[in-house]
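Please work from the sequences and hints to get the whole structure.
There are 2 protein chains.
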Amino acid sequence: MGRWEPNARGRLEQAALELFVERGFEQTTVAEIAQRAGLTERTFFRHFADKREVLFAGGSALKELLVNAVAQAPDDVAPLDAVADALQAAAPHLQQRGDYPMQRQAVIAANPELRERELIKLAGLATAMAAALRDRGVPEPTASLAAEAGIAVFRVAFERWTSEDCRPDLAMLMRDSLDQLKAVTATR
Amino acid sequence: MGRWEPNARGRLEQAALELFVERGFEQTTVAEIAQRAGLTERTFFRHFADKREVLFAGGSALKELLVNAVAQAPDDVAPLDAVADALQAAAPHLQQRGDYPMQRQAVIAANPELRERELIKLAGLATAMAAALRDRGVPEPTASLAAEAGIAVFRVAFERWTSEDCRPDLAMLMRDSLDQLKAVTATR
Numbered sequence: 000m001g002r003w004e005p006n007a008r009g010r011l012e013q014a015a016l017e018l019f020v021e022r023g024f025e026q027t028t029v030a031e032i033a034q035r036a037g038l039t040e041r042t043f044f045r046h047f048a049d050k051r052e053v054l055f056a057g058g059s060a061l062k063e064l065l066v067n068a069v070a071q072a073p074d075d076v077a078p079l080d081a082v083a084d085a086l087q088a089a090a091p092h093l094q095q096r097g098d099y100p101m102q103r104q105a106v107i108a109a110n111p112e113l114r115e116r117e118l119i120k121l122a123g124l125a126t127a128m129a130a131a132l133r134d135r136g137v138p139e140p141t142a143s144l145a146a147e148a149g150i151a152v153f154r155v156a157f158e159r160w161t162s163e164d165c166r167p168d169l170a171m172l173m174r175d176s177l178d179q180l181k182a183v184t185a186t187r
Numbered sequence: 000m001g002r003w004e005p006n007a008r009g010r011l012e013q014a015a016l017e018l019f020v021e022r023g024f025e026q027t028t029v030a031e032i033a034q035r036a037g038l039t040e041r042t043f044f045r046h047f048a049d050k051r052e053v054l055f056a057g058g059s060a061l062k063e064l065l066v067n068a069v070a071q072a073p074d075d076v077a078p079l080d081a082v083a084d085a086l087q088a089a090a091p092h093l094q095q096r097g098d099y100p101m102q103r104q105a106v107i108a109a110n111p112e113l114r115e116r117e118l119i120k121l122a123g124l125a126t127a128m129a130a131a132l133r134d135r136g137v138p139e140p141t142a143s144l145a146a147e148a149g150i151a152v153f154r155v156a157f158e159r160w161t162s163e164d165c166r167p168d169l170a171m172l173m174r175d176s177l178d179q180l181k182a183v184t185a186t187r
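Residue numbers (numbering that gives the first Met the number 0), protein chains in the order written: chain A, 0 to 187; chain B, 0 to 187.
No lab work stands behind these hints: they were computed from the structure. Please read all numbers here as calculations on a predicted model, not as lab measurements. Hints may contain errors.
Claimed, not checked - List time: in silico DSBU-like cross-link candidates among lysine-lysine, alpha-carbon distance up to 30 Å: (1) Lys181(B) to Lys120(B); (2) Lys120(B) to Lys62(B); (3) Lys120(B) to Lys50(B); (4) Lys50(A) to Lys120(B); (5) Lys50(B) to Lys181(A); (6) Lys181(A) to Lys120(B); (7) Lys181(A) to Lys120(A); (8) Lys120(A) to Lys50(B); (9) Lys120(A) to Lys120(B); (10) Lys62(B) to Lys50(B); (11) Lys181(B) to Lys181(A); (12) Lys62(A) to Lys181(A); (13) Lys120(A) to Lys181(B); (14) Lys62(A) to Lys50(B); (15) Lys62(A) to Lys120(A); (16) Lys62(A) to Lys50(A); (17) Lys181(B) to Lys62(B); (18) Lys62(A) to Lys181(B); (19) Lys62(A) to Lys120(B); (20) Lys50(A) to Lys120(A).
As structure tokens, then:
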């Protein structure tokens, strides 16, 4: 095996995103990503199955974080609040990544296939949180509705967060979106 | 152009679904679908781009129905209720199709690629209804949250409808899911 490559994964991630932003996702090759990172293609494939996975590899850590947060919520917390609190707990992890989430979002928005993949990732997060709620004894359809509503809140907040120049606090935007959802459903 | 083929589209649809249920989606060819329907492959391709489209061609009519219903809701109807009423208006169209929706659902559930396509279709319905709400003067993020919440209600109701043997009334299940969503969000 090759020489020690400090933070190879992070360097590949950054190089890939730079190239996706500069040239577009379709026009970027794995060879170019590896070259920009000063690494070999072989090293790339030790970390990622393909160039698309660079953008989605973080999804499984996010899912684990959300599922654990839902599982560990106090017993008396209502289902939707357990979901909302879990999403809030994820906010600092996204915020500490600087411009990465905004750039990633721009790359995804520009490519239909990536937009579909992102939808599927978000649906997977909802399914995982619904399962975590059922494990807490929350019945269906409450578990699915709370998880899906939570993901809708997350999407709306995340979109505002990545599109506004002033870069507001993500956790605050999530609380705001949750309040708006509650207002939307408090009718008739 | 060939002879007159009465209800070719409906016959192809039924033949395709029968074969998908019997053999699985992957294992069914367009040639087999055409043969089962007593038609030619050429006729198949006059109606559908590929075998997957047989399952999803109804999506654009559903989208149009939902968008029109949202657009035509009385002015004083709240956003989520406009969405919920639109989904209710779609229920009879689904109910009058007999076993088709249940069989279609079973075929989709058995195939990851089709499950993804169905997710994307539902996300497209939410996007279209959010746009219809904005056209009514509903601001963001209310429009997106109401549309996404409505689709969550629809998914939950539709899944119950297609999975229960007693075949309950779909519109009633939608009202029930909407009430459950309102209960889920009425906390803290």
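Verification of the supplied hints:
1. Lys181(B) to Lys120(B): 25 Å, holds
2. Lys120(B) to Lys62(B): 9 Å, holds
3. Lys120(B) to Lys50(B): 16 Å, holds
4. Lys50(A) to Lys120(B): 26 Å, holds
5. Lys50(B) to Lys181(A): 42 Å, violated
6. Lys181(A) to Lys120(B): 26 Å, holds
7. Lys181(A) to Lys120(A): 25 Å, holds
8. Lys120(A) to Lys50(B): Distance ~26 Å between Lys120(A) and Lys50(B) Cα, so the pair holds.
9. Lys120(A) to Lys120(B): Status holds; Cα separation ~15 Å.
10. Lys62(B) to Lys50(B): At roughly 21 Å apart (the allowed maximum being 30 Å), Lys50(B) and Lys62(B) satisfy the hint.
11. Lys181(B) to Lys181(A): With Cα atoms ~8 Å apart, Lys181(B) and Lys181(A) stay inside 30 Å; holds.
12. Lys62(A) to Lys181(A): 24 Å, holds
13. Lys120(A) to Lys181(B): Given that 30 Å is the threshold and the Cα spacing comes to 26 Å, the pair holds.
14. Lys62(A) to Lys50(B): Not OK: Lys62(A) and Lys50(B) at ~34 Å, beyond 30 Å, violated.
15. Lys62(A) to Lys120(A): 9 Å, holds
16. Lys62(A) to Lys50(A): 21 Å, holds
17. Lys181(B) to Lys62(B): 24 Å, holds
18. Lys62(A) to Lys181(B): 26 Å, holds
19. Lys62(A) to Lys120(B): It holds: about 23 Å lies between the C-alpha atoms, which stays within 30 Å.
20. Lys50(A) to Lys120(A): Status holds; Cα separation ~16 Å.
Hint compliance for this structure: hints 5 and 14 are broken, all remaining hints hold.
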